[in-house]
Amino acid sequence: MKSNITQEMIDKDRRGFIDKVVKGTVGGSLMLMIPMSSNLFAEVLSEDKNLKNSINPMDLKANYCFMVDVTSCIGCGNCCVADRKENNVPEGQYRTWVERYVIDMMNQVYVDAPDGGEKGYANTPIHETIEEVKEAFFVPKLCNMCDEPSCTQVCPVAATFTTPDGFVVVDSEHCVACGYCVQACPYGVRFINEQTKVADKCTWCYHRVRKGKLPACVNACPTGARKFGDINDKQSEVAKIYNSASRLRVLKKDLGNEPQLYYINLHEEVV
Amino acid sequence: MDAGMMSEALNYVFPNDAHAHWTLMIVIYPYITGVVAGAFIVSALAHVFKVEALMPIAKFALIFALSWLLFVTAPLLTHLGHPERALNMLFTPNFSGPSMMSGFGYIYMAYSILLIFEILIIYRYELVLLKEKATGIKKSIYSVLTLWTNDKSIEGRKFDHKVAFVLAAIGIPLASMLHGYVGFIFGAVKSVHWWFTPLMPIIFLLSASVSGIAGIILFYIVIKKITGKMHEIDTHTIKTLIKLLWAFFILDFLFEMIEIAVHAYGGTTGWQHISHALSGPLHWSFWTMQVQILSILPFFVLAYLSLVKVSRWVLMVVAPIVSLMLLAQVLFMRWNVVIGGQIMAKSERGFATYHPMMFEKEGIAMTVIMLVAPIVTLWLLSKIFPLWESECDKEPLH
Numbered sequence: 059m060k061s062n063i064t065q066e067m068i069d070k071d072r073r074g075f076i077d078k079v080v081k082g083t084v085g086g087s088l089m090l091m092i093p094m095s096s097n098l099f100a101e102v103l104s105e106d107k108n109l110k111n112s113i114n115p116m117d118l119k120a121n122y123c124f125m126v127d128v129t130s131c132i133g134c135g136n137c138c139v140a141d142r143k144e145n146n147v148p149e150g151q152y153r154t155w156v157e158r159y160v161i162d163m164m165n166q167v168y169v170d171a172p173d174g175g176e177k178g179y180a181n182t183p184i185h186e187t188i189e190e191v192k193e194a195f196f197v198p199k200l201c202n203m204c205d206e207p208s209c210t211q212v213c214p215v216a217a218t219f220t221t222p223d224g225f226v227v228v229d230s231e232h233c234v235a236c237g238y239c240v241q242a243c244p245y246g247v248r249f250i251n252e253q254t255k256v257a258d259k260c261t262w263c264y265h266r267v268r269k270g271k272l273p274a275c276v277n278a279c280p281t282g283a284r285k286f287g288d289i290n291d292k293q294s295e296v297a298k299i300y301n302s303a304s305r306l307r308v309l310k311k312d313l314g315n316e317p318q319l320y321y322i323n324l325h326e327e328v329v
Numbered sequence: 016m017d018a019g020m021m022s023e024a025l026n027y028v029f030p031n032d033a034h035a036h037w038t039l040m041i042v043i044y045p046y047i048t049g050v051v052a053g054a055f056i057v058s059a060l061a062h063v064f065k066v067e068a069l070m071p072i073a074k075f076a077l078i079f080a081l082s083w084l085l086f087v088t089a090p091l092l093t094h095l096g097h098p099e100r101a102l103n104m105l106f107t108p109n110f111s112g113p114s115m116m117s118g119f120g121y122i123y124m125a126y127s128i129l130l131i132f133e134i135l136i137i138y139r140y141e142l143v144l145l146k147e148k149a150t151g152i153k154k155s156i157y158s159v160l161t162l163w164t165n166d167k168s169i170e171g172r173k174f175d176h177k178v179a180f181v182l183a184a185i186g187i188p189l190a191s192m193l194h195g196y197v198g199f200i201f202g203a204v205k206s207v208h209w210w211f212t213p214l215m216p217i218i219f220l221l222s223a224s225v226s227g228i229a230g231i232i233l234f235y236i237v238i239k240k241i242t243g244k245m246h247e248i249d250t251h252t253i254k255t256l257i258k259l260l261w262a263f264f265i266l267d268f269l270f271e272m273i274e275i276a277v278h279a280y281g282g283t284t285g286w287q288h289i290s291h292a293l294s295g296p297l298h299w300s301f302w303t304m305q306v307q308i309l310s311i312l313p314f315f316v317l318a319y320l321s322l323v324k325v326s327r328w329v330l331m332v333v334a335p336i337v338s339l340m341l342l343a344q345v346l347f348m349r350w351n352v353v354i355g356g357q358i359m360a361k362s363e364r365g366f367a368t369y370h371p372m373m374f375e376k377e378g379i380a381m382t383v384i385m386l387v388a389p390i391v392t393l394w395l396l397s398k399i400f401p402l403w404e405s406e407c408d409k410e411p412l413h
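Chains A and B supply the protein sequences, listed in that same order. Quick note: the first sequence uses the working numbering, first residue 59, plus one each step. Quick note: the second sequence uses the working numbering, first residue 16, plus one each step.
Read the hints as simulated data drawn from the structure, not as lab findings. Bear in mind that the values here come from a model prediction, so they are computed numbers and not experimental data. Warning: the hint list may mix true and false statements.
[Said to hold, decoys possible] Restricting the straight-line Cα-Cα distance to at most 25 Å, the calculated cross-link-like pairs of lysine to any residue (SDA-like) are: (1) A:K255 to B:P113; (2) B:K146 to B:I128; (3) A:K143 to B:G96; (4) B:K376 to A:P148; (5) A:K255 to B:G112; (6) A:K255 to B:L395; (7) A:K255 to B:R364; (8) B:K205 to A:K192; (9) A:K177 to B:G378.
[Unchecked claim] Chain A stretches covered by chain B per the calculated footprint, using a threshold of three residues with CB under 8 Å from any CB of chain B: (10) 143 to 155; (11) 158 to 171.
[What the hints assert, rightly or not] So the derived list for chain B, only partly shown, Cβ under 7 Å to chain A, looks like this: (12) D32; (13) A33; (14) S362; (15) E363; (16) R364.
No residue lacks a Cβ here, since even glycine has one placed at the ideal position from N, Cα and C.
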């Protein structure tokens, strides 16, 4: 009996090993040809739903937070591509985008985000009047998932609301599309979806998180600049950063919206 | 630092924020609501505060308010992405916010009911008299409007007066709330520096009064002119309305300027953004039109009409012109608030754009239609409700 079980485990392990070798080979080969993040490919090739995070989808006591490490972002735009694909966002509208900041020797700040940074910045020259660059960095933007959200406060029909586990979402079947939330959001992350004619915004991929998956943009980020997790889980990366001496900042703190989107090493020029 | 280079370098707006989302429809929504609230206040001054000089236009003010009231929701419904869900605002309001916009739905409904009852009560006796003379469909309409009563007794009419007095008295705070609320919808949006001021509801309320009074002066004189009854216009009534307009306008303009002055004196980063907008994309519509041509000029004209003894002819020519200017002032003010607030992009590094088209869904043609529709409605209503004070209103009740 015992030997049978052992044999089964060996067989399973062998099958798993062969499976991984095949996927790794195929995936690795493809990655040489197609410039896409390895994480995205790993998921495409794998059937495993719980890839690399320890999110318990039924844990309503979890305190999810999103972190963006500005120093790690390379402005590749993979996150934006993954987000558009995952959430069927119409062209010209953005649930997430990546801004490029360039500061010259005169301390003049130049900000741009052509196509929301979706096509990356490798072929986008910096502003022609910049003679010498003092500093340059990329800032991914997305829903700040405020603890005190302005958008849910102003919604006349309560179509946008905070879920018990802290996600601000929109009921697209109830929204009247008055646009008040678009005005009220201090971060400009909301828009009226051209196709559905209702308010739309980044949800931190709530539909994925509830299944124990990471948000699509986090999954697609090749440098780990985008991080997501439960701050109550001491073992999670976000909790470790949160409890360390890292310089964390939220956007427009003075407004009192208490965002749950934290930026690591964010420059004060960023609004 | 070179200013030109600075503005070029700073011109960045968030990608979803490049164009104003609230259009001309949201410019004329507070405009129409304001005219409604302002006109009601004129009527209330006559009915509640017994300002005798305003009695000749007390009934007209109510019908004028009603004709605009019927179109308050038109621009809103045109703007909504899902107008078929509009009643969600009443059925599933957001109490936990609470949402000011859903609150407006209730106040608008309450005010509408009150205004209609006020009109039916004030007109009841006259409509009973008209019903006796009317035939055919008009008789049926009057029957419905008088709720099938033929009561012409002194007691009945005294009771009407009491009810009208109470309704008008309730109507004053309700009309003030109606428009103060609209101001709150903008004034409570903390993400827009240009809107976020406690003065906003006050400015909206005062400008509403200005537009209502100005509308009544303009249409009083124009309708009398068109119908060839200029001789019926009471100079004292026009003079009283002009003084009232001047008083409200002084307060309105004062608060508009105080708002700017406090922002400027504070000199926060919010003001830097506002000042760039006021010297840039809003310069013409704010400084040139709203302030210089349509505020400072009318202020002196109104002062002249109010303080100097002018001939009847001058009064009848200048009063409608200055009223029209102030109606335009309020429209520009609405534009500068609604569009201006959106042009000052949330990136605080540049300006969004808004260029309305002539024939788009929420474009210029639609705006004109919505501003003309209440005037056509006023003409239609005048076929049922006599606009002016009639002989039966002057009959003694004892």
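Okay, the hints, checked on the actual structure:
no. : hint             : verdict
1   : A:K255 to B:P113 : 24 Å, holds
2   : B:K146 to B:I128 : 23 Å, holds
3   : A:K143 to B:G96  : 24 Å, holds
4   : B:K376 to A:P148 : 21 Å, holds
5   : A:K255 to B:G112 : 23 Å, holds
6   : A:K255 to B:L395 : 36 Å, violated
7   : A:K255 to B:R364 : 28 Å, violated
8   : B:K205 to A:K192 : 34 Å, violated
9   : A:K177 to B:G378 : 34 Å, violated
10  : 143 to 155       : holds (count 3)
11  : 158 to 171       : holds (count 7)
12  : D32              : 4 Å, holds
13  : A33              : 9 Å, violated
14  : S362             : 6 Å, holds
15  : E363             : 5 Å, holds
16  : R364             : 6 Å, holds
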